[in-house]
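As a plain string of letters, each chain reads:
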Amino acid sequence: MVRTKKLFALAAAGALVLAACGSDDDSSSSGTDAPAATDAPDATDAPESTDAPESTDAPDSTDAPDAGGSSGAEFVIDTENCDDPDAATAPIEGGLKIGTSIPLSGGPAVLFAPFGDGQQTYIDWYNENNGGLDGEPVELVITDDQYTPDLTKTNVDGLIFDDEVDLLSGIIGSGSNLAIQADVNALCVPQLWASTGASDWGNIDEYPWTTGLLVPYAIESRVWADFISQEAGDGATAALFYVNNEFGQSYADNFKELADENGIEIIGEEVIDPADSGAPSGQMTNLVQANPDAILAVGLGGQASAFMTELGNAKAANPDFDPLVYMTATAANPLFFDTLVENGGSDGVYTSSNVKFVSDEQFADDEAVQTYLEAMATYAPDANPADTSVLAGWLSMELAVYAAQQALAAGDLSRAGIINAARNIDYVPGLLIDGITASMNADDAFYPEATQLVRWDDTAKAFVVAGDAVDYNGSLGTYTP
Amino acid sequence: MELPVRYTRGSWQNWLGRAVLFGGVGLFMYRAVTEWSRSGLGLLADALIIAIAVTGLNLITGYTGQLSLGQAAFFAMGAFVSAMLVTGRIWTPFITDNIWTPGWTMLAAAVVCFLVGMVVGVPALRLKGIYLALVTLVFTEAVRAFFKYDEFAGVTGGATGIKGFSYLPPSWTGLEGRADLVTWFFWLSLGILIVVSILSAGLIRSRVGRAMVAVRDNETAAAVMGVNLFSIKTVVFGLSGAIAGVAGSLFALKLTLVEADVPIFGLFGSVTFLVAMVVGGAAQNWGPFVGAMFYVFVNDFARSVGEDPSGSIFLGWFVGEGTKIDGLGGVTFGVLLILFARFVPFGAVGTMRMWRSKAVLVVPRVPLGAGGVPSAEVLGESGAVGAEQAATNIDPAEPPGLADEDPPGMAT
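So the protein sequences, as listed, match chains A and B.
Residue numbering for the first sequence follows our numbering, starting at 1 and increasing by one per position.
Residue numbering for the second sequence follows our numbering, starting at 482 and increasing by one per position.
Be aware that a few hints might be false.
Here are a few chain B residues that face chain A, going by a calculated C-beta distance under 10 Å [as the list claims (entries may be wrong)]:
1. 523
2. 527
3. 660
4. 740
Since the hints were made in silico from the structure, they are not lab data.
Bear in mind the structure is a predicted one, so any value in this text is a computation, not a measurement.
Ideal placement from N, C-alpha and C gives every residue a C-beta, glycine not left out.
Modelling step: build the complete structure from the supplied sequences, incorporating the hints.
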């Protein structure tokens, strides 16, 4: 009896320790690397609208300049349904004011706070070099939501009603963006460049005021499925390792559908909980047993590196186990892969990116990259410009200001003018990879649909390109849940 | 004048004291709604919602002494029940397509959570302290897993959650649509908190309340004295869950989104509620309100320190303009919590009461014996001493297990 009690006490203590750590991871992992993380909406149905390009041999389809782009109908916003139509069309005076909400504290902040450095640096650089927009400096208000949707909501309320921002841009996380989407669309405030790849941002009929920044997860799944078919040929086998939330689910659903089309057999499926930060040893053992030709790995932040560490161990222990592994683009950060070099787990792992890795020597003469690096050195010397999170933050502001510039040029610098400009954008910032297109219009509700498959090389300590850039611009069309 | 000054409960001085307290809080709320910024009012509404959930936790943990980490599960359940009803995912006899009237789903959430809470109360008959905490912790995770389970995704939304509903203010409130959404949720949360607090205070003063406190202080003695442990524990667990369910329902309607991975629906939520309860003062009527306010606004302050360290009064002299320190907000909050636990050991309300009792004591009315004379039994040898003793006995004191040690939640 006494012994049982002691055992019980031991178990209880252990569980509490776990619980204590658990709460910690909970926040950090839900945030971790996926700006898109929490819940990537019903991406499941996305592929329906994906019908476009001849996917099978996609990697060859390089950059078709007219893949979609400006060929669609022009988008014109309807302000009739706005709570206050007049405010939506009123000219913006006294300088453009942009608001955003990102994690600056809490677990995920470690990964996402640098995003804010990129945002602020772009605005500072822009004001200094262009004298602001229309002679007035652009103002940016950054608020902290700890990666929790309820705080995002509170922040955005304050941004719209107290700070009276003209637009929102670069808010991180699917959950956070979804929580404000309905309200912000009814209020007719542009919710630009949501930093997630969920399909929801293409729901142009219901939520025209919301646009996305990241390459949709559906495109990534397609790129990888095509690559597997190309490398492993007919009868290729694949396994999935994914986090059990909307983010992981949307990759898994997309990939399964594409695997079907491409004749890839799925022989293993391993799941990890969003709050789970331990090494996925059990899952890896099963993957080794299944021994597929390729693996699609979808993990949140720490989970991505934990997976690659286990992969390194598994490869060392099983010489026959050498699958093609793809890690989602949300983990495509050189800083992140670099830490795993010793273990060898990241060597040869594929991922994809639509931005330039600025620390790469090949960009030493690249004008956009050099401008970016100089601006970072001037305005945020403590930030690491090679961090793709910083770069994404910069892009979220560059594209927001670009839309405002276009609206101004069209003689309609209002909230409606800005969303019209954003929804008809046809512009590739210099920091995106060369030779791709990126545009939107009434029939194309997704902005970036081009990306580049890359492979991490331990000897070079850098990503090297694998094949040509893949441009699916226009292929996703619009999204209807 | 000799301190402490004694006033009888129910005397005009006692009522004056209460009037000042309620007046002060009322004035604060009035100023908040008229002068505060939108985000400030939004935070206040969040604090009120947390206070409702903590009021429920206070019943089961504060007064009845059953350490529960399951409060977030009921909170999540309430949120999901509301969301499922409002979006018509489960059949309901009421109109669900009218976005103006989702308020009734709160009652449905309360009923569901009450029933589930009764069931969860059963293990509490055999388990105590940390073991019960463990079981309720598992319950929280199980509920979360249930809402994510693929097979029920059609009803619960699965990993994707439920979105696309809202609760706009009814026209009779005079509030206008989305622009007044925050104000609407502020009033709604305040109203529900007041109702729940009154019910809770009434329960505590009743026979059931005394039985709850008896169970907390000495379970065996309580049972010997005729307290039915089974019904007390299960019913109070049910009530506590029902209150958390209402809070969760409010939370969901305000957020317009439910998803199993929202932190407050998991262990983080349970710990948040526990911290708020302990910080405010366990087994105190005003504890949940004060604790939730502390939690939300001190956390907000910590965030503001993290957003701009050079602008803060604590660190401004120490760091340069525009300095960024990763994770500073979280560290600030943690340090403030530790300081609070060290210097305000009985929670804010408990400690304030302790201080106040040095100056003013509210003593209970002396029961009148035959002929309108204070009964000798109560007065004892000397009337004053007897009354004083009664005064120290009358208020359910801080639960020994919670006030004396750091609550488990503090460690995280």
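Hints and how they fare:
1. 523: holds, 4 Å
2. 527: Holds, because the Cβ-Cβ distance from residue 527/B to chain A comes to roughly 7 Å (cut-off 10 Å).
3. 660: Holds: closest Cβ of chain A sits about 7 Å from residue 660/B, inside 10 Å.
4. 740: holds, 5 Å
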